[in-house]
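Here's the letter readout for the chains.
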Amino acid sequence: DGGITQSPKYLFRKEGQNVTLSCEQNLNHDAMYWYRQDPGQGLRLIYYSQIVNDFQKGDIAEGYSVSREKKESFPLTVTSAQKNPTAFYLCASSLLYNEQFFGPGTRLTVL
Amino acid sequence: AQRVTQPEKLLSVFKGAPVELKCNYSYSGSPELFWYVQYSRQRLQLLLRHISRESIKGFTADLNKGETSFHLKKPFAQEEDSAMYYCALRPESGYSTLTFGKGTMLLVSP
Numbered sequence: 102d103g104g105i106t107q108s109p110k111y112l113f114r115k116e117g118q119n120v121t122l123s124c125e126q127n128l129n130h131d132a133m134y135w136y137r138q139d140p141g142q143g144l145r146l147i148y149y150s151q152i153v154n155d156f157q158k159g160d161i162a163e164g165y166s167v168s169r170e171k172k173e174s175f176p177l178t179v180t181s182a183q184k185n186p187t188a189f190y191l192c193a194s195s196l197l198y199n200e201q202f203f204g205p206g207t208r209l210t211v212l
Numbered sequence: 003a004q005r006v007t008q009p010e011k012l013l014s015v016f017k018g019a020p021v022e023l024k025c026n027y028s029y030s031g032s033p034e035l036f037w038y039v040q041y042s043r044q045r046l047q048l049l050l051r052h053i054s055r056e057s058i059k060g061f062t063a064d065l066n067k068g069e070t071s072f073h074l075k076k077p078f079a080q081e082e083d084s085a086m087y088y089c090a091l092r093p094e095s096g097y098s099t100l101t102f103g104k105g106t107m108l109l110v111s112p
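So the sequences go chain by chain: W and P.
Mapping of the first sequence onto this note's numbering: position 88 corresponds to residue 189, and the numbering continues sequentially without gaps.
Mapping of the second sequence onto this note's numbering: position 64 corresponds to residue 66, and the numbering continues sequentially without gaps.
For reference, chain W alone in the conformation it holds in the complex (with noise of 0.2 Å):
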């Protein structure tokens, strides 16, 4: 299962606070994707990066902001501005057009 591992497993906020969720992968995977999973809703795209320095919006990008400095990173911010954040978190990477593989998720909850 080693390859993406996301951190913490769990996460506690307090409202108005922002969030950074971890992602790393070893995989030398070019794409990195977050999705947040949601009892009912399946997995929603929030963001997506392709390539180093640079990503894309997905279908759910407001009140999240994301950044790809490294290959090997993808972290995903929560901000106060996103509306309803508790939700379980999955990272996932892949190379270019082939199977995602996802990390073991991030749970959030807004105290």
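Hints in this document: simulated from the structure, not taken from any laboratory.
Please note that a few of the clues may not be correct.
Simulated pairs of lysine to any residue, SDA-like, Cα-Cα distance not exceeding 20 Å [what the hints assert, rightly or not]:
id	chain 1	residue 1	chain 2	residue 2
1	W	Lys110	W	Val211
2	W	Lys110	P	Arg45
3	P	Lys104	W	Phe202
4	P	Lys104	W	Pro205
5	P	Lys104	W	Gln138
6	W	Lys158	P	Arg5
7	P	Lys11	W	Gln138
8	P	Lys59	W	Lys158
9	P	Lys11	W	Arg145
10	W	Lys158	P	Ser98
11	P	Lys11	P	Asp83
12	P	Lys17	P	Pro77
Fit chain P to the supplied structure of chain W, relying on the hints for placement.
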């Protein structure tokens, strides 16, 4: 925009019974279709993709372009098949992003 529909939130069967998890899609081009599975306390992982035409863990899925479907089938369900199953679509081979359905929970009872 593309869409993936999994009409059943929950499918409950007995061990040894046939299983069919439905997946329909809407997309005008030639998409790639995938099934991903998430077992309890495990990561989401690829089960199969239509272009490989493989049978994984006894599951098969055939892309029916006429009916825009990619149903997942297994002739005899096992208890260890209990999991969350997601159908996903990639618009064309030149794209990297996936659109997922909402998922179907499969429960196999002894």
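Hint by hint, here is what the structure shows:
1. For a cut-off of 20 Å, the pair hint linking lysine 110 of chain W to valine 211 of chain W stands: about 14 Å separates their Cα positions.
2. A hinted pair counts as satisfied when its Cα atoms are at most 20 Å apart, and lysine 110 of chain W with arginine 45 of chain P qualifies at roughly 13 Å.
3. Distance check on the hinted pair: lysine 104 of chain P and phenylalanine 202 of chain W sit about 19 Å apart at the alpha-carbon level, within 20 Å; holds.
4. Restraint check for lysine 104 of chain P and proline 205 of chain W: satisfied, since their Cα atoms lie roughly 19 Å apart, inside the 20 Å limit.
5. The straight-line distance between the Cα atoms of lysine 104 of chain P and glutamine 138 of chain W is roughly 9 Å, inside the 20 Å bound, and the hint therefore holds.
6. Simply put, lysine 158 of chain W and arginine 5 of chain P have alpha-carbon atoms about 18 Å apart, close enough for the 20 Å limit, and the pair holds.
7. Pair hint lysine 11 of chain P plus glutamine 138 of chain W holds up; C-alpha atoms about 15 Å apart against a cutoff of 20 Å.
8. Between lysine 59 of chain P and lysine 158 of chain W, the direct Cα distance comes to roughly 35 Å. Violation of the 20 Å bound is thereby established for this hinted pair.
9. As the CA atoms of lysine 11 of chain P and arginine 145 of chain W are separated by approximately 17 Å, the hinted pair is consistent with the 20 Å bound.
10. A C-alpha spacing of about 13 Å is found between lysine 158 of chain W and serine 98 of chain P, which places the hinted pair at or below 20 Å, so the restraint holds.
11. Simply put, lysine 11 of chain P and aspartate 83 of chain P have alpha-carbon atoms about 16 Å apart, close enough for the 20 Å limit, and the pair holds.
12. At roughly 11 Å between alpha-carbon atoms, lysine 17 of chain P and proline 77 of chain P fall within 20 Å of each other, so this suggested pair holds.
Violation of the numbered hints given earlier is confined to hint 8; every other hint is satisfied by the structure.
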